[in-house]
Amino acid sequence: MSSKAVATLLGTLAIASYSGMGMAAADPYQLNFTPPASGIASQIYDQHIMLLWICLAIFIGVFGVMLYSLLNHRKSKGYKAANFHHSTTVEIIWTVIPFIILIAMAYPATKTVIAMKDTSNPDITVKVTGYQWQWGYDYLVGEGAGISFISRTTTTLDQRNNKAPKDEFYMLRADKPLVVPVGKRVRVLITANDVIHAWWVPAFGVKQDAIPGFIRDAWFQADRVGTFVGQCTELCGKDHGFMPIVVEVMEPAQYTQWVAQQKAQSAAAVVDVNKVFTLDELKATGEKVYAGNCAACHQANGQGIPGTFVALDGSKVATGPKAEHINIVVNGGKAGSAMAAFKHLSDVEIAAVVTYERNAWSNMTGDVVQPSEINAFRK
Amino acid sequence: MAAVHDDHAHGHGHGHEHGHDDHAHGPPKGMMRWLTTTNHKDIGTMYLWFSFSMFLVGGMMAFGIRAELFQPGMQLMTPEFFNSLTTNHGLIMVFGAIMPAFVGFANWQVPMMIGAPDMAFARMNNWSFWLLPPAALLLVAAFFVPGGAGAGGWTFYPPLSVQMGMGMDMMIFAVHILGASSIMGSINIITTILNMRAPGMTLMKMPLFVWTWLITAYLLVLVMPVLAGTVTMLLTDRHFGTNFFNAAGGGDPIMFQHIFWFFGHPEVYIMILPAFGIVSEILPTFSRKPLFGYSSMVYATASIAILSCIVWAHHMFTVGMPVTAQLFFMYATMLIAVPTGVKVFNWTATMWQGSMSFETPMLFAIGFIFLFTIGGFSGVVCAVIPVDIQVQETYYVIAHFHYVLVSGSLFALFGGVYYWLPKWTGHMYDESLGRLHFWLSMVFFNVTFFVQHFLGLAGMPRRVPDYALQFADFNMISSIGAFGFGLSQLVFLAAVVKCIRGGKKAEAKPWDGATTLEWDLPSPAPYHSWVTPPVVK
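So the sequence lines, in the order shown, correspond to chains A and B.
If you number the first sequence the way my numbering does, the last residue is 379 and the count never jumps.
If you number the second sequence the way my numbering does, the last residue is 1537 and the count never jumps.
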């Protein structure tokens, strides 16, 4: 009776710690993979454990023999060296055995690879775009189609520079996570706008490079609700460390609600491109856009970083002709420049940020750039 | 140009044992000796000192990296500078430290071990070395140009590397120069080995170190031009309007990765095969027993070299290749475990029933086998695609390749230095300093890199200047280990300098179990050795 109770207790604890580990992302001594939250990730988790056991067995075998030899076959113990120097039989045996072990490893791996590559019949398709240094999500097919947003880190520069306290979500949260329903097959089409990034969610066992000019795909099916975090895993420039991937998995009903809410918001946010704003309105919006997209390089004070990122304060572009300024923001710098293209921003956002840059710091051009100008420029 | 001709110069008052003419006039004195030398031993010495200096430069960069990662948050530097450090740490350690060190060993040892008087192309040998300092200067000077040194990773991946400033161009030119040097060095080594062996030394009687270098040299000649080609394409993409790697112009950034890793994977074996060779010399000597399975060692080395040319895309399992390509590269990669396993088994069998003693070279050789095997295990883990999908570009990979490159290549180099120092300097090194160096390196190496497996599994990406709080403790441990490992190398410097300046006189054959030809020469080896080739039975 009591042993049964102990077993039950242990089992409960084991399950609790296993399922709770998703929450306890802050375990500073986590020794293994993030607990899986999809079928593929579970297969990977199990295969990794299997590999570890095989490696351990070989390790003990080989180094057990070597240790015995190191302890006993010593000159200091007066051990006389034997003189054998080959044995074809033995050599064939230890060529063949590893071969067989490798086949045992490769078989389950092959099945998983084939499953990972099968992206057919998705319930929802989302396009993921890597930008320096944020992620864009466009829901293309399935429930939620048409929703589109940019997802940025919530970690502030002050936190990074140790001027503000860091919490357990430091570097691991985004303002707008990718939201998907639980138990649905989600296909992600992955690409990039500027350089190569990589979209990784360890709990789903998905990692795919985001390659500018090409679209690759991957899929996952989350088996429980929760928040799942990954990071960009291809060096993409200075803020490579600061573009988290956050996926919020919801119950289908809740997801439907979220979709409705997003649709309502974007309907409310649609602005007539011909609407005319005042300088102050644009500057206020522009400052926010600047903080989210430009300040990482050009700095909040517009001074840039000498030798690396040009200053905007007093720059020729930000105080010269409007058209060139708009062009560089929309299309990026010349080939070879680190200046990315920002054509994914809306007309209002681009108009606002250009207006802001032309009227912030010591730039006092007094120019107002209206969304209609951007709209016309894009044509 | 050369003040001294090999034919009629005998060095230093040594080297008379071969009973030739005695109008010895040695090398010129001072700077000119080193600038104009065509002597394989002088050039070998310069290679080794050059590589040690670059090892310290690259080590300082590692110090910077681990200091920034000591705690979460940005403390010491900007993320751009951090990226420059990781980029150049990699480049300098690979091209500046490890590769030239092995060429230095080849210069010193290959002629002595095959009974040849010098390298086949003595003047080209001088040129191969003197190309290195300008290349190193370019790499280091890049830190002081506008925009700083290249910060796109040592792998040069476009389009990121297209965004960089002129530091990237300097990196590209440095690689061109280093590549030219390597190709010349390799041609020299191949020609020397194939044409200048002593009478009676058939290929299958060559010491294993010579064999591994012969195979390595072929790999170098095969792949260095490929690297030069692809970085040249990158250069023209950057400045001359080509679009090889720009999708908008019809190019493909992934093509760069394929070409780069066609060089890059054999490159890994270029850095480990000569290490296998050194370990295969040390183990039989200190086990006082012949190497087990000599011919299977040779065949295994050749198999590894051939396989290394068809596995490159395992560095690219996350780029999204078709499933058949994924599987092909997975199977081919896993196959490498077979010949590598054969080597480890053969080494174990060499030690089995030997009469072992544990001088410093032996300690490093055993440390090599032990830790390299751990690196081999994590290599198999990385080869299995589903698992690799999780660990690619994380600290797990960093741990993996430092286990094979530091406790692999570097430990073998240390072992080799201690093993041959008596022959090079004529003095015995200080055994207690050597052992201290080994044990400090062994402990701090594992403190630094073992925890990085856990960091990678738990999800810390590589090449990031900052990390989530969850990773703080392991990073701090790793940094402490790295500082300790770096400082331990000063013990090595002390041991080597002490040995050069004096110490117990070394006999011609200070190791009673040694069997190769160089031990038939007096210690220190005369400036010109084997002027009359020995006869190998």
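Hints are supplied without guarantee of correctness; some may be wrong.
Stated by the list, open to error - With a Cα cut of at most 25 angstroms, we get these calculated BS3-like pairs of lysine-lysine: (1) A:K343 with A:K176; (2) A:K77 with B:K1509; (3) A:K166 with A:K111; (4) B:K1205 with B:K1509; (5) A:K316 with A:K275; (6) B:K1537 with A:K75; (7) A:K176 with A:K127; (8) A:K322 with A:K275; (9) A:K176 with A:K166; (10) A:K322 with A:K176; (11) B:K1504 with A:K75; (12) A:K80 with B:K1509; (13) A:K334 with A:K275; (14) A:K75 with B:K1029; (15) A:K127 with A:K343.
Everything labelled a hint here was simulated from the structure, so no lab data went into it.
For clarity, every value in this text was computed on a predicted model and none was experimentally measured.
Consistency of the hints with the structure:
{"no.": "1", "hint": "A:K343 with A:K176", "result": "20 angstroms, holds"}
{"no.": "2", "hint": "A:K77 with B:K1509", "result": "23 angstroms, holds"}
{"no.": "3", "hint": "A:K166 with A:K111", "result": "42 angstroms, violated"}
{"no.": "4", "hint": "B:K1205 with B:K1509", "result": "20 angstroms, holds"}
{"no.": "5", "hint": "A:K316 with A:K275", "result": "29 angstroms, violated"}
{"no.": "6", "hint": "B:K1537 with A:K75", "result": "29 angstroms, violated"}
{"no.": "7", "hint": "A:K176 with A:K127", "result": "15 angstroms, holds"}
{"no.": "8", "hint": "A:K322 with A:K275", "result": "19 angstroms, holds"}
{"no.": "9", "hint": "A:K176 with A:K166", "result": "20 angstroms, holds"}
{"no.": "10", "hint": "A:K322 with A:K176", "result": "32 angstroms, violated"}
{"no.": "11", "hint": "B:K1504 with A:K75", "result": "22 angstroms, holds"}
{"no.": "12", "hint": "A:K80 with B:K1509", "result": "20 angstroms, holds"}
{"no.": "13", "hint": "A:K334 with A:K275", "result": "31 angstroms, violated"}
{"no.": "14", "hint": "A:K75 with B:K1029", "result": "45 angstroms, violated"}
{"no.": "15", "hint": "A:K127 with A:K343", "result": "16 angstroms, holds"}
Checked against the numbered hints above, the structure breaks hints 3, 5, 6, 10, 13, 14 and satisfies the rest.
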